[in-house]
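Protein chains: 2
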Amino acid sequence: MKKIIALLVGMVALGVQAQAQTQTAGVPASTNIPGQKYPQILPDNRVVFRVKAPDARKLQIDLVKKYDMVKDTSGFWTVTTEPVVEGFHYYSLIADGVATCDPSSQTFYGMGRMASGIDIPDKDMDYYQPKNVAHGQIRSVNYYSEITKAWRRANVYTPPGYDESPKKRYPVLYLQHGSGEDETGWATQGKMDFILDNLIAEGKATPMIVVMERGYATNPTAPVSTTGGMASNVFPEVLVKEVIPMIDKSFRTLADRNDRAMAGLSMGGFQTFQTTMTNLDKFAYIGGFSGAGRLQPGADIKQAYDGAWSDADAFNKKMKVVYVSIGTKEPERMYTGVNGFHQALEKAGIKHVYYESPGTAHEWQTWRRSLRQYAGLIFK
Amino acid sequence: MKKIIALLVGMVALGVQAQAQTQTAGVPASTNIPGQKYPQILPDNRVVFRVKAPDARKLQIDLVKKYDMVKDTSGFWTVTTEPVVEGFHYYSLIADGVATCDPSSQTFYGMGRMASGIDIPDKDMDYYQPKNVAHGQIRSVNYYSEITKAWRRANVYTPPGYDESPKKRYPVLYLQHGSGEDETGWATQGKMDFILDNLIAEGKATPMIVVMERGYATNPTAPVSTTGGMASNVFPEVLVKEVIPMIDKSFRTLADRNDRAMAGLSMGGFQTFQTTMTNLDKFAYIGGFSGAGRLQPGADIKQAYDGAWSDADAFNKKMKVVYVSIGTKEPERMYTGVNGFHQALEKAGIKHVYYESPGTAHEWQTWRRSLRQYAGLIFK
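Chains as they are written, first to last, in numbering that gives the first Met the number 0: chain W, 0 to 379; chain R, 0 to 379.
If you're looking for bench data, these hints aren't it; they were derived computationally from the structure. Wrong hints could be hidden among the right ones.
Since the list gives no way to pick out one identical chain from another, each pair is judged satisfied if it fits inside one copy or across any two copies.
To be verified - Heads up, simulated DSS-like pairs for lysine-lysine below, C-alpha to C-alpha not over 25 Å straight-line:
1. LYS319 to LYS70
2. LYS36 to LYS148
3. LYS122 to LYS148
4. LYS51 to LYS65
5. LYS240 to LYS130
Here the structure is a predicted model, which means the values were calculated and not measured.
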């Protein structure tokens, strides 16, 4: 009996020790609700999730891969994941079959709803950290759209010094989020404000205004598409006819094509090519991050966008920067789509910068890296 | 048998009719994820909630009162609540014992976590709707706090015309959220931008800058309180020594006490009295919405805040506006606390404006109404 008690005491002590190690080794994620200790990121990038739910029957964490949580005697459910790749990931708590939010996490508009998120530190994360440099501001701007007959919102980054230099005018980058995200994505998930603040402080980027628009726009009078088509998508029209004039009126912009860029991620990349390639008199810079021009399989790139690429020399002379990027770990379909587009541009003699983000997927780390590069190339 | 079939057909027809009526009569809440049809608000302010969860065992909507949802054959769970009072309410979806978010709702930082919310239209809601008037901007500002050794964030409202009049200076209202909320609350839940835009457009409020700060501040070097005390709470110090100088440097403020106001709701109201009453040389306007000065039961108000109220005449001459408000449907303890404070001020001869918001609880509708009044009283 003594032996058994000693064994039990030993097991408990080991258990306590193991728990203590887990607790001291992990660091609360920066994406947690302030003060929440979990999720915790371990040194090898495994993540410990923890949810209090004494009455639950089954809980899972869905981080693309689904992990079953296990309940302890005090009503807490926990799970430790496999190592998670660096950068920001949306995730869900699946409770009773409902994909919803982890109460310990901040929420982020992604996947077409408010989702939990976790940001795994990157070795190379210095460029998107807040530092002791001059900071820009993110401004929320509301305006009425006659085209869509609705109030819309944009987030606008003004660079450090904007208010202190009331005569100075700035170039403008229109920067779009992806499908299922909104105008908050680039600042909140993307850290675009810190990326720009730091680049500008180092003299690596020209101070610029960055406009992040809602992105979804349908014509309320258009017949509803029964084929899932884009007939009622009027985003390019809203951007060019309403947003740009509103921004040029409300902010001290340099309102000419040589000082106007556009870029976007995923859906926003497609929107960027859709908008700029049909308005080449208004944009001198094009960026597509994990989303670029749409080419039908086997289609001739020289026929695309009303033949804008049929004369490579003329196009190259007209455009200052065309930028295309993709993560090496993106889904096959996305990688081959963007890489194929890059090859088609290459073959057609269209000058462009092509970048592959090593080890990152169809996620924000690919797009933070892309923005860091792109912002350093434009307005030079 | 025929009779039974006829009865069944009749019941099904009635059911379909009832369902059709429910569906056509309801209006998607403005707080839904764009495009989501549920929650729907019925004309009598009952709310229909609907969640897809084919595998769930038990789902509830927690809107202070808990409602059990019922599953239909297609895997959708629905419930229709009793009539809900006008204004904004936080709510939870309880899935498998976890209080979490309704995937169809936007989320709002409240209750110390990201919560779902529903905004029931008010008869008198015109004053917080976006209109075709000049609009201010909400700006997100990051700054490092030496006192708390951490990055902090404030949301700053700049009034219409701020950028167009680069020499003009403005008075500043410091406006604080409640416990479990953050710097986003006043703009997102409170609609403070539209309230100010509309008041300014009608000439009922002086154009002003409004600063909404994070609100939580603890001294990292202070010993951790073991009694739940406020010893490490350094918010008043952060506001006065760090936030005000930062705002006066970054924005074109009128940096004197006659052009500086403070107000807050609930916890923010207590913080307002705590900050202003100990810094009367810095503020000429005080507002407490559902939260005001703290008086111990039976305590003499003339002893409070180092005797600042011992000379009513001197205080009345010094301060331009003291404002205290409460909703008539607030919990007894809160109502008697604020109402008792109002009576103590009255008895001590301290001039102040006292307002009871009819029919509203310890919620945003009380505070929207209070801000509408308070913003019209200050800086005159």
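Here is how each hint holds up against the structure:
no., hint, result
1, LYS319 to LYS70, "neither (57 Å within a copy, 58 Å between copies)"
2, LYS36 to LYS148, "between (45 Å within a copy, 19 Å between copies)"
3, LYS122 to LYS148, "between (46 Å within a copy, 23 Å between copies)"
4, LYS51 to LYS65, "both (19 Å within a copy, 19 Å between copies)"
5, LYS240 to LYS130, "between (37 Å within a copy, 21 Å between copies)"
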